[in-house]
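Full structure from sequences and hints, please.
Protein chains: 2
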Amino acid sequence: MSGLTYKGSGVDITRAEDALSRIRERVARTKRPEVIGGIGAFGGLFKVAGTDTVLVATTDGVGTKLELARELDRHEVVGTDLVHHCVNDALAMGAEPLFFLDYFSCSKLDPEVFARVVGAMADACAAHGCALLGGETAEMPGMYREGAYDLAGFLVGSVARDQLLDPLQVGDGDALIGLPSSGLHTNGYTLARAVIDRAGLDLAAPLPELRGGTLGDALMRPHASYLGAVRTLRGVARVRSIAHLTGGGWEGNLPRALPPGLGARVHRDAWTVPPLFTLLGNAGAVPDAERWDTWNMGIGLVAVIAAEDARAALRALPDAIAIGHVETATGTTRVRFA
Amino acid sequence: MSGLTYKGSGVDITRAEDALSRIRERVARTKRPEVIGGIGAFGGLFKVAGTDTVLVATTDGVGTKLELARELDRHEVVGTDLVHHCVNDALAMGAEPLFFLDYFSCSKLDPEVFARVVGAMADACAAHGCALLGGETAEMPGMYREGAYDLAGFLVGSVARDQLLDPLQVGDGDALIGLPSSGLHTNGYTLARAVIDRAGLDLAAPLPELRGGTLGDALMRPHASYLGAVRTLRGVARVRSIAHLTGGGWEGNLPRALPPGLGARVHRDAWTVPPLFTLLGNAGAVPDAERWDTWNMGIGLVAVIAAEDARAALRALPDAIAIGHVETATGTTRVRFA
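Keeping their order, the protein sequence lines are chains H and X. The numbers in numbering that gives the first Met the number 0 rise by one with no breaks, and the one at position 22 of the first sequence is 21. The numbers in numbering that gives the first Met the number 0 rise by one with no breaks, and the one at position 169 of the second sequence is 168.
Just so you know, not all the hints are guaranteed correct.
No distinction is drawn between identical chains; accordingly, a pair holds when it is met within one copy or between any pair of copies.
[Unchecked claim] Heads up, simulated EDC-like pairs for lysine to aspartate or glutamate below, C-alpha to C-alpha not over 20 Å straight-line:
#: 1; residue 1: Lys30; residue 2: Asp122
#: 2; residue 1: Lys6; residue 2: Glu111
#: 3; residue 1: Lys30; residue 2: Glu95
#: 4; residue 1: Lys107; residue 2: Asp72
#: 5; residue 1: Lys107; residue 2: Glu16
#: 6; residue 1: Lys6; residue 2: Glu307
#: 7; residue 1: Lys6; residue 2: Glu66
#: 8; residue 1: Lys6; residue 2: Glu16
#: 9; residue 1: Lys107; residue 2: Asp17
#: 10; residue 1: Lys6; residue 2: Glu145
#: 11; residue 1: Lys30; residue 2: Asp201
#: 12; residue 1: Lys30; residue 2: Asp72
#: 13; residue 1: Lys107; residue 2: Asp11
#: 14; residue 1: Lys107; residue 2: Asp308
#: 15; residue 1: Lys6; residue 2: Asp109
Keep in mind that the hints were calculated from the coordinates and are not lab data.
Structure follows, in structure tokens:
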């Protein structure tokens, strides 16, 4: 039996890249003078005329964690996830949230499920001082399997122009500070579910590897929000850029916070990969590189900061971990593990 | 055989209202001081600190027109639709578009279909001077039927505070100016498809009622954009408020542009209901009230303007139609046909 890969489980990131490359020029033609930067950042940037405010807009979904939420009757979690995912993407650009809108789509609306999902979104918005400004509820008979629904979230945040994070500010030798994830967050669930199916894992059984917790509980932990931690970090350290480790794992996200010519040297022994990742990886014989290219492996957000500020950062954030540094990189692989 | 209704075809708007009512208080708790107004408008309003600019945010989908786009291989149309729908919602608040983000979700990404859909969105954005600022592409194996995909759009526009349209500005006697729709736009497709299935209509056959055009072509006309027309209208007339006639038809939308205590008197003989609506309505024995509560019946947008400006409006916009006026209304039905 060969090891499982993300591609083998049905998700092929190169297809998405191919798709995007076909329309890049047409998207470029929509650029207005207020737009800063191009495609590829964690959020789009738009200057507000006559101010030094930059709006940061981001959109996300929660992927096939939706299927687990349904199976395990944990609908609140994906509502929370969606808001936290968007908040973190905005944070990666240096912004704090202003308002959020949601799209909820299904074949037949179940008002109770809707209220649990969108109610949790509202609570997560309130906790982040973010207005839930609108939403769209679509009922499309026959589009979705019975009981299935899809979610999309849109968040607009703002940042003063001079507080905008920019990979171009990153220099050789800058420190990489990792913030722990709470689990898979909202990425790599298709691979996780393929492992579970193939290995016949029981979502409800307490597991010694998870200190007696169940796999279902571990998989349904909400996506961590890093708003508080990033605020603290920016108060004590010169933060150059931030990577939110989402779909595409380490190589897919950390380079988005780095300028051309620089890469990341990451010391894997700086933290212990949480047992959830090891358990899933081993049960599916998922190759090591595939794990790191799909899952966050225990670190949800990486801040690139001035090396001299690393001690202050670690003192201010007891959970933070010094995971490596920035160095020159020439090849296509820009995250190197040591 | 009894007549078809929207509810009978699988979409029950009261379910969505029930769902929303369960979370209204939790949503209200997310309100920030910058937020203007409440739930129920065509877009959410958010003041930009230190300016007189108000951001208008709106989110939409295109409903089961997606299924027809797939059947008829007309993927570009739904991309255009999504942008136009969002642009019109922003217009209804008085705003013009700034930027747009899209969410594209499917079981397995087909790069060619993606490029046709999102490429058309990019072109529609460019035509409206709107930046396509970002997007999310989700591949969720098993969530959707083979070849199916879902779309959500998110648009942010802006308007000077004193140019904001507000139903509270509407007075008894104001004129209702209708702008023709290009077809069903993006609403009531589930009912239309149920009619087609039950009556066994052929999407590809030329029909005399459609002047030799096919039903498929008539159903796949893109959602009209009213940006140019509304700009013209605002140049020649005092526009009080605007209703974009989308899901819920006339009674579901026109009252959203009116203050409490006022209703709309609409003269149905002011325009000819386009043959597409009559053909579908008759083939499905759809009750008259149901047609007007589901479809736009030939008018895509209604502007409420000062009565004295009606002649100037009609002169400036040759396609526009004087369809009625505002009058006091006490009951629950606020759109009365004459």
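Do the hints match the structure? See the list:
1. Lys30 / Asp122: between (35 Å within a copy, 11 Å between copies)
2. Lys6 / Glu111: between (35 Å within a copy, 19 Å between copies)
3. Lys30 / Glu95: between (24 Å within a copy, 16 Å between copies)
4. Lys107 / Asp72: within (17 Å within a copy, 25 Å between copies)
5. Lys107 / Glu16: between (33 Å within a copy, 13 Å between copies)
6. Lys6 / Glu307: Close neither inside one copy (41 Å) nor across copies (64 Å); limit 20 Å.
7. Lys6 / Glu66: For Lys6 and Glu66, the Cα distance is within 20 Å only inside one copy (19 Å; across copies 27 Å).
8. Lys6 / Glu16: within (14 Å within a copy, 40 Å between copies)
9. Lys107 / Asp17: between (33 Å within a copy, 13 Å between copies)
10. Lys6 / Glu145: Between. Shortest inter-copy distance 18 Å satisfies the 20 Å Cα cut-off; intra-copy 26 Å does not.
11. Lys30 / Asp201: Neither: 50 Å inside a copy, 42 Å across copies.
12. Lys30 / Asp72: neither (43 Å within a copy, 29 Å between copies)
13. Lys107 / Asp11: Between copies only: 9 Å across, 29 Å inside.
14. Lys107 / Asp308: Intra 53 Å, inter 45 Å, cutoff 20 Å: neither.
15. Lys6 / Asp109: between (33 Å within a copy, 15 Å between copies)
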